[in-house]
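Note that the protein sequences, when read in sequence, are chains A and B.
Count along the first sequence starting at 1, add 58, and that's the number in the numbering used here.
Count along the second sequence starting at 1, add 58, and that's the number in the numbering used here.
In short, the hints are calculated from the structure, not lab data.
A hint or two may mislead.
Same chains, same names: a pair is fine if it fits in one copy or spans any two.
Unchecked claim - Capping the alpha-carbon separation at 30 Å, the derived lysine-lysine pairs in DSS-like fashion look like this:
#, residue 1, residue 2
1, Lys69, Lys124
2, Lys104, Lys251
3, Lys104, Lys308
4, Lys112, Lys251
5, Lys67, Lys128
6, Lys67, Lys112
7, Lys299, Lys104
8, Lys69, Lys112
9, Lys104, Lys67
10, Lys312, Lys124
11, Lys232, Lys104
12, Lys312, Lys349
13, Lys303, Lys94
14, Lys232, Lys67
15, Lys104, Lys370
16, Lys112, Lys354
17, Lys251, Lys308
18, Lys370, Lys251
2 protein chains.
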Amino acid sequence: MINHTITYKKKIMIDATTSIAGPKESTGPLGHYFDKNLNDDLLGQKSYEILESKLHASAVLLLLNKTNLKPSEIDLCIGGDLNNELYATNFAMRELNIPFLGVYAACASYGLSIIIGANFIESNHVQRVICSTSSHFSTAERQFRFPLELGTPRAPQSQWTTTGAGAMLLNTLKGNIRIESATIGKVVDFGVKDVNDMGAAMAPAAFSTLSAHLSALNRNPSYYDLILTGDLGKRGADLLKLLAKKNNLKIDGKIYSDCGVLIFNTTNDSMGQGGSGTACATLVFNGYIYKKLLDKSYRRVLLITTGALLSKTSSLQNQTIPAISHAIAFERI
Amino acid sequence: MINHTITYKKKIMIDATTSIAGPKESTGPLGHYFDKNLNDDLLGQKSYEILESKLHASAVLLLLNKTNLKPSEIDLCIGGDLNNELYATNFAMRELNIPFLGVYAACASYGLSIIIGANFIESNHVQRVICSTSSHFSTAERQFRFPLELGTPRAPQSQWTTTGAGAMLLNTLKGNIRIESATIGKVVDFGVKDVNDMGAAMAPAAFSTLSAHLSALNRNPSYYDLILTGDLGKRGADLLKLLAKKNNLKIDGKIYSDCGVLIFNTTNDSMGQGGSGTACATLVFNGYIYKKLLDKSYRRVLLITTGALLSKTSSLQNQTIPAISHAIAFERI
Numbered sequence: 059m060i061n062h063t064i065t066y067k068k069k070i071m072i073d074a075t076t077s078i079a080g081p082k083e084s085t086g087p088l089g090h091y092f093d094k095n096l097n098d099d100l101l102g103q104k105s106y107e108i109l110e111s112k113l114h115a116s117a118v119l120l121l122l123n124k125t126n127l128k129p130s131e132i133d134l135c136i137g138g139d140l141n142n143e144l145y146a147t148n149f150a151m152r153e154l155n156i157p158f159l160g161v162y163a164a165c166a167s168y169g170l171s172i173i174i175g176a177n178f179i180e181s182n183h184v185q186r187v188i189c190s191t192s193s194h195f196s197t198a199e200r201q202f203r204f205p206l207e208l209g210t211p212r213a214p215q216s217q218w219t220t221t222g223a224g225a226m227l228l229n230t231l232k233g234n235i236r237i238e239s240a241t242i243g244k245v246v247d248f249g250v251k252d253v254n255d256m257g258a259a260m261a262p263a264a265f266s267t268l269s270a271h272l273s274a275l276n277r278n279p280s281y282y283d284l285i286l287t288g289d290l291g292k293r294g295a296d297l298l299k300l301l302a303k304k305n306n307l308k309i310d311g312k313i314y315s316d317c318g319v320l321i322f323n324t325t326n327d328s329m330g331q332g333g334s335g336t337a338c339a340t341l342v343f344n345g346y347i348y349k350k351l352l353d354k355s356y357r358r359v360l361l362i363t364t365g366a367l368l369s370k371t372s373s374l375q376n377q378t379i380p381a382i383s384h385a386i387a388f389e390r391i
Numbered sequence: 059m060i061n062h063t064i065t066y067k068k069k070i071m072i073d074a075t076t077s078i079a080g081p082k083e084s085t086g087p088l089g090h091y092f093d094k095n096l097n098d099d100l101l102g103q104k105s106y107e108i109l110e111s112k113l114h115a116s117a118v119l120l121l122l123n124k125t126n127l128k129p130s131e132i133d134l135c136i137g138g139d140l141n142n143e144l145y146a147t148n149f150a151m152r153e154l155n156i157p158f159l160g161v162y163a164a165c166a167s168y169g170l171s172i173i174i175g176a177n178f179i180e181s182n183h184v185q186r187v188i189c190s191t192s193s194h195f196s197t198a199e200r201q202f203r204f205p206l207e208l209g210t211p212r213a214p215q216s217q218w219t220t221t222g223a224g225a226m227l228l229n230t231l232k233g234n235i236r237i238e239s240a241t242i243g244k245v246v247d248f249g250v251k252d253v254n255d256m257g258a259a260m261a262p263a264a265f266s267t268l269s270a271h272l273s274a275l276n277r278n279p280s281y282y283d284l285i286l287t288g289d290l291g292k293r294g295a296d297l298l299k300l301l302a303k304k305n306n307l308k309i310d311g312k313i314y315s316d317c318g319v320l321i322f323n324t325t326n327d328s329m330g331q332g333g334s335g336t337a338c339a340t341l342v343f344n345g346y347i348y349k350k351l352l353d354k355s356y357r358r359v360l361l362i363t364t365g366a367l368l369s370k371t372s373s374l375q376n377q378t379i380p381a382i383s384h385a386i387a388f389e390r391i
C-alpha cells in the first residue's frame, strides 16, 4: 500500500449490481436507470426502519436472482447503512444466512464495503462477495436532525437523504468492469458544526483521499473519464473544486461530478443541495454509472464515497463533524 | 474459505497489545493484568462519550509507544465501539492521521476488526494493522436502555458494560503469537426480545460460529487449550454449554470460559451476569489471555467475540434481537 492506496493484482470484477429507488429518486433525472422504482416509502410496513431493512434484503435477493446464484454460493456479505447499530443491514442479514461483516463510514459505507470485499478476494480466501447498503430519508432525518412530525423548515445548505438500497457482486470469474485500485481514507475534521451542512464537512475528506490517490499512482485527474464524489451536493462539490484549485489539481465540470447532484433535480429548492445518504452513491453507481461503463461511455471512473461521521449525541454535545472518504477506481475491461 | 472459515497462509503475528481499564474493571479479578487502571470514569471530560473517545485514542497511542512506531509506520487502523455512528472511534481517529476502516458488530467488533486486519496482511497489501475498540458503561447504558439519572433497578439477567479501551498491532515481522484461522459469523436470531438478556440473544450466534469453526477445520473442542466467548455472561455461557451438549460438543469448565465472567466478580450481585461491551473481550484478551499465551500457559486459544445487534429504535419497535459472533484462533509459536 503506497500512500494508503492499493492496486489490485487479481482481476476483481463486478458480476452484477442492483438498485431499488424510493419515490423521489424514481421520479428524478436518473429514475429510469434503476432496477426497481417504488411509489411509496413505507409500503405498508410498521416503521421506516423495517421498510429500509426489507429494501436492503430485497437488493441482495434481487442480485442473487439476477446472477442465478444461491445464498450458499456467496462467500461473504459486507454492508452497512446510516441507522444506529446498522439496524437496516443487520436485520436484513437475518434473512440471508451468509457470513456477514458490518461496516460504518456513514455515506461512505459503500466504498468501505467494496474495498474490504475486494481485499478478501485479493487474499484468495473468497470467490464471491456481495457489498450492499441502504438509506431512507425518514429514518435518517429523525435520527440525525429532527422528528419529521415537527415540520422543521429545511435549511438551504441541507441535502435530501436518498431512499433506496443497492448491492454489487464482486468475483474473479465474470464481468466487464474491474476494480483496479482503491484508496482508504483518513478521518479529517475541518471544524464544521452545522448538521445541515454535510457538504462542507465532507469536502476536505474527499480532497484528502483524491489527492492521496492521484499522488500514490502518479496520475492526473484527466486519467479518469469521470471522478465522482458520493454525496457532497452542489455546495460541497463547489468546495471540493475550490480545494483542488488551490492545490493545483484541475477537476472541472467535464470530468467531475457528484452523485448527490446527479440523483435529484437540484433546481428544485426543496431538495436543497441535492442528495445524500449511503444509498446515494450506491444507486447512482449501480444504476447509472455501471451501465455507462458497460456501454463504454466511460472507461475509467474514480468513485470517491464521502461520509460525515457525526451522531446526534456528538451534535448535541456541540462537537465538530469529522468526515472520511474512501475511493475506488473502476475500469472497463 | 470452507464453512466460512479462513486458515491464514502467512504468519500473521501480534506484535503488542494494550489495555486501559475503567475503575470497576481495575478493581476486578483481572485488574493487575491491565496496562493502565483508571480511578475515575469521566476524568474531567465534559461527557462520557468524549472520555471514551480519549481512552480509545490513548489505547492506540500507547501501542505506538510500546512498539516504538510512528503513526506513519502503521498502514491501517480498524476499529469500532458501541456508540451510535462509532462516536468514540471516529473521533479518536481524528488524532491519528492513519487510514481507517470503521466496523460494527456490537460487542463482536474486536473480532471483526482482527479478521479484516489479518486479511489485509494476508493479501500482501499492508504490513502493520492496528485493531482497536472501546466501550463505556455510562455511554452504553443510556444509549441502549435507560438514562442513568432514572435510577432504574437492574434486572438480574443483565450484564455490566465494561469501561475501557484496547488495541492490538498485527504484523508479519515480530511476535510470538500468530493468528492461525478465523471464522466469520452469520446473523442469527432466536427471537429473544429482552434488552437486559444479551446472553440469551448471543449464545445461539456463538454456538453457530463455534460449530462452523470446528467442523470446517475438523477439530474437537479439546484441540484448544481455551475456548473463550466474548461477553455471554454467566447465564449466556450456561446456554452455550447447553446448546453444545445438545449437539454433542463437549465444552466443559476446563476448556471453556467467557470474558464477561472473568472480568468481574460475578458473585457480586450488582454486576448481574458479568461483563459485556466491546471492551470486555478486548481487555480480557489483551490484558490477560495474551500474557497467558506469551508465558505458554496456553498454546491454542479460540476467541469467539459475540455481539447483540439491537438498537434502541429496534427495541422500542418491539423487534427481536439478532446476534453475530466472529471467532479467531490464536496460536503460541
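Checked against the structure, which of the hints given earlier come out wrong? 3, 6, 7, 8, 9, 10, 11, 13, 16
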